[in-house]
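Just so you know, we're using the numbering used here here: the sequence shown kicks off at 6 and counts up by one.
No wet-lab data here; the hints were simulated from the structure.
Be aware that a few hints might be false.
The calculated BS3-like cross-link candidates involving lysine-lysine, where the alpha carbons are at most 27 Å apart (straight line), are [unchecked claim]:
id	residue 1	residue 2
1	Lys35	Lys73
2	Lys35	Lys53
3	Lys66	Lys53
4	Lys73	Lys53
5	Lys35	Lys66
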Amino acid sequence: MITNGGNAEGLFRAGWMESGSALPTDDFSKLQPTFDIIVAETGCASAKDALACLREVPAAKITAAMDKTPTFLSFQVLSVHPRSAI
């Protein structure tokens, strides 16, 4: 999305990046409970297509849902962060 001088030529509307892990992630299906929390917290649990529903959810609502998921240490260091820290 940053190549071509930032001109995506209509190919992308948005991008999403989340921190990775320095540790092996094992079987990704173990992350299903985390996905389920995000889907439930955003109101997409009863949607016929959860991914389509999530695409329509405002970023702030997804961020709030993600803040309720467990982390590597099961500890949220910054549950609320000022815009200047982002």
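Non-conforming hints, listed in increasing numerical order: none
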